[in-house]
Structures are given as C-alpha cells and as structure tokens.
Amino acid sequence: TQLLEQSPQFLSIQEGENLTVYCNSSSVFSSLQWYRQEPGEGPVLLVTVVTGGEVKKLKRLTFQFGDARKDSSLHITAAQPGDTGLYLCARSKAAGNKLTFGGGTRVLVKP
Amino acid sequence: GAGVSQSPSNKVTEKGKDVELRCDPISGHTALYWYRQSLGQGLEFLIYFQGNSAPDKSGLPSDRFSAERTGGSVSTLTIQRTQQEDSAVYLCASSPAVGEQYFGPGTRLTVT
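So the protein sequences, as listed, match chains A and F. Take the working numbering: the final residue in the first sequence is number 182, and no numbers are missing along the way. Take the working numbering: the final residue in the second sequence is number 601, and no numbers are missing along the way.
Because the hints were derived from the structure by calculation, they are not lab data. Worth double-checking, as some hints may not be accurate.
[To be verified] Estimated spans, in silico, between C-beta atoms of each pair: (1) Pro-152/A with Gln-572/F: 27 to 33 Å; (2) Lys-128/A with Pro-585/F: 23 to 29 Å; (3) Gly-153/A with Ser-547/F: 47 to 53 Å; (4) Thr-599/F with Val-121/A: 21 to 27 Å; (5) Arg-597/F with Lys-181/A: 23 to 29 Å; (6) Thr-565/F with Ala-149/A: 41 to 47 Å; (7) Ala-139/A with Arg-511/F: 23 to 29 Å; (8) Ser-97/A with Ala-586/F: 17 to 23 Å; (9) Asp-552/F with Thr-122/A: 23 to 29 Å; (10) Arg-511/F with Pro-182/A: 35 to 41 Å; (11) Ala-139/A with Lys-546/F: 40 to 46 Å.
[What the hints assert, rightly or not] As a list, the in silico DMTMM-like pairs of lysine to aspartate or glutamate whose alpha-carbon atoms are at most 20 Å apart: (12) Lys-164/A with Glu-533/F; (13) Lys-504/F with Asp-545/F; (14) Lys-164/A with Asp-545/F; (15) Lys-164/A with Glu-509/F; (16) Lys-127/A with Glu-589/F; (17) Lys-500/F with Asp-154/A; (18) Lys-181/A with Asp-142/A; (19) Lys-546/F with Glu-503/F; (20) Lys-128/A with Glu-589/F.
Bear in mind that the values here come from a model prediction, so they are computed numbers and not experimental data. The C-beta atom is built at its ideal place from N, Cα and C for all residues, glycine as well.
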C-alpha cells in the first residue's frame with residue numbers, strides 16, 4: 072500500500088506544453104520532497120515544501136503544498152525535452168530519516 | 490568532490506547465489522541509506538545507518554538481506570541465496586546528520 076499516491080503514472084507531451092503531476096495522501100505530513108530521476112541515475116532532490124499552502128518556484132517548475140499538508144503538485148511550464156524523467160514525491164518522519172516514496176510519474180517530453 | 494558511488498553498476502547472478510553490493514558515501518556524511526527500486530514496488534527503504542547508532546533494519550524484506558557499514562564509511566549490502574524477486578536496482582544514499590540525501594547511480598541486479 073502506497074502512503075503517497077502519485078498521478079498520473081505516465082505523461083507524454085510535446086515540447087512547449089504545460090503539465091501537472093500530483094502527490095496525494097490521507098495522512099498529514101510535516102514536509103514533502105520532490106525528486107527527479109533520469110535513466111541510470113539516482114533521484115535528485117528538486118525541492119522540499121514544509122508549510123501548508125506554500126508555493127515554491129524553480130525556474131519553470133512550480134511546487135505547491137496543500138493547505139492541509141496532505142497533497143502536493145508539481146507544475147512544469149513550457150516543458151523541454153530535458154524535463155523528461157521520473158518525478159517522485161517523498162516524505163520522511165524527520166530530517167535525516169528514511170524516505171517513503173510515491174510510485175512516481177514518468178514524464179516524456181517529445182521535441 | 491565525488492558523489493556517492495556504487496559498485497558494480499550491473500550484476501547478473503544465478504538463483505541461489507550470494508551477492509555483495511558496495512556503496513561509497515560522500516566523505517563526511519554520517520548517514521547512509523539503502524533503497525530498492527523495482528517495477529512492481531517502486532522505490533522502497535531497506536536499511537539506514539546513522540553514525541554509531543544501531544541501524545534501522547525495518548525495511549529489509551527477509552533475513553537473506555543484511556548490510557554493514559565499516560568504519561562509518563563504506564557499506565556493503567549482502568543478499569544470500571538470491572531469488573528472482575530480488576531483481577531490482579539497489580540505490581544507496583548518504584546525507585549529513587540533518588539534510589538532503591544524495592543518491593548514487595545504483596546497482597542493477599538481475600537474478601536468472
């Protein structure tokens with residue numbers, strides 16, 4: 072049973088389009104992390120969201136943490152082929168502790 | 490500075506054989522984690538070392554799995570009597586006591 076549910080599982084879009092991926096849970100989390108993983112590599116941390124309602128921007132990526140701290144979304148504007156990868160959300164019980172990951176959303180941006 | 494390194498990058502073994510996977514964490518990182526990534530189960534926690542504390546082994550799927558961390562640095566994950574369901578990518582990560590986890594590239598294990 073996944074504590075974190077991600078949707079959709081797979082997304083294929085054309086370069087220049089926008090996309091949103093979601094991470095949902097029935098539990099409240101103190102913080103949530105988003106990672107991107109490319110083939111043959113380990114996940115790389117993109118952002119950590121902590122405060123309910125928080126919005127963080129990283130270039131063309133916008134991350135939101137729900138007011139109730141049970142859900143989060145990642146929005147990519149004007150996607151590029153370099154955005155292709157597996158996007159994972161994760162939570163930990165405390166800083167420096169083990170991570171629990173969602174099932175991931177595989178994104179393919181076609182040129 | 491070097492990141493987390495893992496070896497081998499790929500390992501093919503026969504069912505029933507033992508395998509050892511190695512992780513070299515980032516120098517100075519006190520915490521080290523092992524995760525497993527498979528198609529059916531996603532990315533799952535296996536075991537966690539923090540300094541000199543007893544490791545958190547709560548994610549190990551069976552007693553065929555064990556890990557050690559020598560001298561607070563290099564770690565080895567051992568799988569005894571491998572089964573086909575052990576086929577997966579095994580990822581290692583390290584972090585300071587409090588902070589971001591940095592992942593290695595993983596070891597792809599195939600049990601035939």
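Verification of the supplied hints:
1. Pro-152/A with Gln-572/F: 27 to 33 Å: The hinted range 27 to 33 Å is violated for Pro-152/A and Gln-572/F, with Cβ atoms some 38 Å apart.
2. Lys-128/A with Pro-585/F: 23 to 29 Å: At 26 Å between Cβs, range holds.
3. Gly-153/A with Ser-547/F: 47 to 53 Å: violated, 37 Å
4. Thr-599/F with Val-121/A: 21 to 27 Å: violated, 39 Å
5. Arg-597/F with Lys-181/A: 23 to 29 Å: Between Arg-597/F and Lys-181/A, where Cβ atoms are some 26 Å apart, the hint holds.
6. Thr-565/F with Ala-149/A: 41 to 47 Å: The hinted range 41 to 47 Å holds for Thr-565/F and Ala-149/A, with Cβ atoms some 45 Å apart.
7. Ala-139/A with Arg-511/F: 23 to 29 Å: Given about 42 Å between the Cβ atoms, the range is violated.
8. Ser-97/A with Ala-586/F: 17 to 23 Å: Violated, since Ser-97/A and Ala-586/F (Cβ atoms, about 31 Å apart) do not stay within the stated range.
9. Asp-552/F with Thr-122/A: 23 to 29 Å: Cβ of Asp-552/F to Cβ of Thr-122/A: about 42 Å, so the range 23 to 29 Å is violated.
10. Arg-511/F with Pro-182/A: 35 to 41 Å: holds, 38 Å
11. Ala-139/A with Lys-546/F: 40 to 46 Å: Violated, at about 33 Å.
12. Lys-164/A with Glu-533/F: holds, 15 Å
13. Lys-504/F with Asp-545/F: violated, 27 Å
14. Lys-164/A with Asp-545/F: Holds, because 13 Å separates the two Cα atoms, which is no more than 20 Å.
15. Lys-164/A with Glu-509/F: violated, 29 Å
16. Lys-127/A with Glu-589/F: The given pair, whose Cα atoms are some 17 Å apart, holds under the 20 Å limit.
17. Lys-500/F with Asp-154/A: The given pair, whose Cα atoms are some 29 Å apart, is violated under the 20 Å limit.
18. Lys-181/A with Asp-142/A: Cα-Cα ~28 Å, so violated.
19. Lys-546/F with Glu-503/F: Violated. Lys-546/F to Glu-503/F sits at ~26 Å, over the 20 Å cutoff.
20. Lys-128/A with Glu-589/F: holds, 18 Å
Comparing the model with each earlier hint shows violations of hints 1, 3, 4, 7, 8, 9, 11, 13, 15, 17, 18, 19; every other hint is respected.
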